[in-house]
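Starting from the known structure of chain A, arrange chain B on it as the hints suggest.
Going down the list, the protein sequences come from chains A and B.
Per my numbering, the very first residue in the first sequence carries number 3; after that it's consecutive.
Per my numbering, the very first residue in the second sequence carries number 65; after that it's consecutive.
FYI, nobody ran anything at the bench for these hints, they're computed from the structure.
Note that the structure is a prediction, hence the values are computed from the model and not measured.
Don't be surprised by glycine CBs; every beta carbon is placed ideally from N, CA and C.
Careful: at least some of the hints might be erroneous.
To be verified - 30 angstroms max Cα-Cα, derived DSBU-like pairs, lysine-lysine:
1) B:220 - B:230
2) B:75 - B:380
3) B:77 - B:420
4) B:335 - B:353
5) B:380 - B:353
6) A:214 - B:274
7) B:230 - A:35
8) B:180 - B:380
9) B:180 - A:35
Said to hold, decoys possible - Reference excerpt, derived from the structure (chain B facing chain A, CB under 8 angstroms, subset only):
10) 234
11) 237
12) 238
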Amino acid sequence: MKLDGFILGLSNGVACLATCAPVLIPYLLGEGKGIVRNYWVIGQFLCGRLLGYLLFAFLAWTVSSAILQEASQRNMIIGVAYILFSGLLIFYGFFKKTNATCESACNKNKYQRLLAIWPALLPAAAGFATGLSFCPPFLLAFTGAAEQTSLMMSLLFFFSFFLGTSMLFVLAPFVGVFSRFSVLQIVGKLASGIMGFYYLYSGSIMLIGGLKIL
Amino acid sequence: MMIITVMMLSKGKPPMEPVRQIAFILTFVLVNSIFFLMIRTGETDRWRSILFVTYAVCFVISFISNLIEARGSMAVSQANMIEGLTPFCHIVIPMTIIPAALTKTIIFPGTIIGTKTAIAGMFVLWIGSSLALGKGFCSWVCFFGGLDEGFSRLFKKARIKNVNPKWNYLPYAVLLLIVLASAVTLAPFYCEWLCPFKTVTEYPEITSAKTVIQAIIFISLFIALVMVLPALTKRRIQCSLFCPMGAFQSWTNKINVFDVRVDPEKCIECKKCIQTCPTFSINEETIAKGKTAITCMKCGKCIDACKQGAIFYHIKGTPLEGRVEIYRRLFIYPAFIFLATMSGGFVQDAIVKTIKLIITGSMF
Chain A
3 MKLDGFILGL SNGVACLATC APVLIPYLLG EGKGIVRNYW VIGQFLCGRL LGYLLFAFLA
63 WTVSSAILQE ASQRNMIIGV AYILFSGLLI FYGFFKKTNA TCESACNKNK YQRLLAIWPA
123 LLPAAAGFAT GLSFCPPFLL AFTGAAEQTS LMMSLLFFFS FFLGTSMLFV LAPFVGVFSR
183 FSVLQIVGKL ASGIMGFYYL YSGSIMLIGG LKIL
Chain B
65 MMIITVMMLS KGKPPMEPVR QIAFILTFVL VNSIFFLMIR TGETDRWRSI LFVTYAVCFV
125 ISFISNLIEA RGSMAVSQAN MIEGLTPFCH IVIPMTIIPA ALTKTIIFPG TIIGTKTAIA
185 GMFVLWIGSS LALGKGFCSW VCFFGGLDEG FSRLFKKARI KNVNPKWNYL PYAVLLLIVL
245 ASAVTLAPFY CEWLCPFKTV TEYPEITSAK TVIQAIIFIS LFIALVMVLP ALTKRRIQCS
305 LFCPMGAFQS WTNKINVFDV RVDPEKCIEC KKCIQTCPTF SINEETIAKG KTAITCMKCG
365 KCIDACKQGA IFYHIKGTPL EGRVEIYRRL FIYPAFIFLA TMSGGFVQDA IVKTIKLIIT
425 GSMF
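Isolated chain A, as found in the complex (with noise of 0.2 angstroms):
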């Protein structure tokens, strides 16, 4: 494991866990699931996230950083990434019917049959939409990988510095002590909905910012 990419993970722990918390918490509640079950939704959302940044150190041993020190393509590629995200958090909040209101007999439209085929997609694009934050840290995650002499080198740094942001993800399933009131689960949802329009506005501004310098 290399050592400085997991250290520089873990200082910035309570900055990734605070950056992901208004889309993983109302998610969380939204989900109603007990604590045990939380730690799988968990290692969705992670699995997500450690996608983002296993990709973002291939782009980084491939390219040199070229494409993403490019403000205009950095902006596009995440303004893309986020409306596609908004959207599914806002068909979460506002249209996806809970277990208890729609049974297998319920008409379902093609987004809810495909999170009832694939349900670790939303937890896995919330994980990889919100890893995508340009912070101090990622950015220097970013030059150190695209300092290593291998890919495996790089892709072994970006692992180390997302088990380090991950250390305080631990925390994160005791949200399941309130799955016994139902009323939250729906609070949740509509928070997560909310959040949607939120990421809506951040990916096109994004994506209208990098369209702009192109």
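Chain B alone, transformed into the frame defined by chain A:
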């Protein structure tokens, strides 16, 4: 009440300027007439609403004119924020708690003490009124509530009668979101993005695409939640289905001594209370339990509507029967003192500004 209102309205010093004397007398007469009618007729909401709506309208007139006098515009610039010249409003309170605990700072570009709109003053007012009235704050103290209440009374009949109960949880979702987002961004997220009342108070100076979008959001929310939907539903939509402060304030009903109770034995199930409640706080389920929901703002509308006298103000821990009028008076005295005190200054100021506008063509 007359002595208290003289003291509160004059602030211990009778006005000397003729225009201010007229405003003082008019306000004094208005406030005391309303209180007299409240006691004399036994109706609460009918009279409260007149002063509450007047208060909100006068607040807007007074606030905007003072802003224009002080800054030359309703817009708040970055310089104003850096200087801490932004007036603090109670809706910010839930957003400040976590950042204050974590960073020992108040995440608002205002001053802690020293002005009428300082942060400390607003906290004291909120704590005092919450202890005294619980969520009654929203119907007796809040300077914004009268706006959507006014619009909710525009038409005689509701055009939209059924609202999905799911939306009752929206204020809690907004509260959850703004508390988390404010803690992360260390900025009052609701004020930056979601407050409909920016439309009639102050808004960020429009200097970028971001501020244009913010202005569009503020105006759209104001039109939808404060004007159109209250008028169509005859309910206080902004207060009951969106305001995060209202959701936060609901919990103060737990610690407040006053509540609104229902006597299921007297109830003839006419459902007038359910139809008239402006905040969706009473339904068949709560009636069966003999009380209103936690979101009850103690406005008294259901009490006025119930001709059977099955709904009444009550003091927790006391018997339910026999002392209904005493309970009511024990509630409306402190509630009305808050309303009269809060509204008095704004009503006087608005009258002064209006008279000056008519006489001189300028409010200043």
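Comparing the hints with the structure gives:
{"no.": "1", "hint": "B:220 - B:230", "result": "holds, 26 angstroms"}
{"no.": "2", "hint": "B:75 - B:380", "result": "violated, 34 angstroms"}
{"no.": "3", "hint": "B:77 - B:420", "result": "holds, 21 angstroms"}
{"no.": "4", "hint": "B:335 - B:353", "result": "holds, 15 angstroms"}
{"no.": "5", "hint": "B:380 - B:353", "result": "holds, 15 angstroms"}
{"no.": "6", "hint": "A:214 - B:274", "result": "holds, 15 angstroms"}
{"no.": "7", "hint": "B:230 - A:35", "result": "holds, 20 angstroms"}
{"no.": "8", "hint": "B:180 - B:380", "result": "violated, 34 angstroms"}
{"no.": "9", "hint": "B:180 - A:35", "result": "violated, 47 angstroms"}
{"no.": "10", "hint": "234", "result": "holds, 6 angstroms"}
{"no.": "11", "hint": "237", "result": "holds, 3 angstroms"}
{"no.": "12", "hint": "238", "result": "holds, 7 angstroms"}
Checked against the numbered hints above, the structure violates hints 2, 8, 9; every other hint is satisfied.
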